[in-house]
Amino acid sequence: DVKVTQSSRYLVKRTGEKVFLECVQDMDHENMFWYRQDPGLGLRLIYFSYDVKMKEKGDIPEGYSVSREKKERFSLILESASTNQTSMYLCASSGGTGGQPQHFGDGTRLSIL
Amino acid sequence: AQSVTQPDIHITVSEGASLELRCNYSYGATPYLFWYVQSPGQGLQLLLKYFSGDTLVQGIKGFEAEFKRSQSSFNLRKPSVHWSDAAEYFCAVGAHSGGGADGLTFGKGTHLIIQP
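If you're matching them up, the sequences are chains A and B in order.
Sequential numbering of the first sequence, starting at 1, is according to this note's numbering.
Sequential numbering of the second sequence, starting at 1, is according to this note's numbering.
Same shape as in the complex, but just chain A (with noise of 0.2 Å):
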């Protein structure tokens, strides 16, 4: 199966200090994407990612960058938090070209004070 681990599930933070999520697949899979979740929202893409230093913007990407030094690891990087960052986020990889499902990690529950 397939195993995408987020380093930390719930994480509290303060408001202007730069925060880092990890996400690992175990899948040598090509496709990683960083979303977040809110109620009444779904999920929404912040960015994705085909290729080792490649990244795209997804829908929502304003106060968010990523980097991928590594084929199986993705970070999502806030730059500055602020409370509106407050928010499930969820890493999922896939392999391939487009159509192939993507496979979830648990997430992490960010809280920004």
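If you are wondering where the hints come from, they were derived from the structure by calculation, not from laboratory data.
Even for Gly, the Cβ is constructed at its ideal location relative to N, Cα and C.
Take these hints with a grain of salt, some might be off.
Claimed, not checked - Straight-line C-alpha distance at most 30 Å; calculated DSBU-like pairs for lysine-lysine:
#	chain 1	residue 1	chain 2	residue 2
1	A	3	B	61
2	B	49	A	3
3	A	3	A	13
4	B	49	A	13
5	A	3	B	108
6	B	61	A	57
What the hints assert, rightly or not - Partial chain B-side listing against chain A, Cβ under 7 Å, derived:
#	residue
7	43
8	46
9	77
10	83
11	103
12	107
13	109
Keeping the supplied structure of chain A fixed, place chain B upon it in accordance with the hints.
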């Protein structure tokens, strides 16, 4: 751009009764379609997927879904629900992109409540 609508925010079903969750999508060509389930505090688990071919697809946990191009729908069904099916269900659409994979577009979810 593609979009997904799940018209029902909440659905309550009695244990043992049948279930149908609705999903409508908007996309210019034949889409990839998925149903995911999320239990409280967990990530998303893939229930089933439609790529092409047979419009009735079978998934895990006794779920099935039917792709109807004429109605732009991909409704999820189960003949008899169990209390453990209580969860949030998400329909998602993916694009047939030429290069690397694009992210999925998700509906806002349907919260399924099972009453004894």
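Output the numbers, in ascending order, of every earlier hint that fails for this structure.
Those not satisfied are hints 4, 6, 9, 10.
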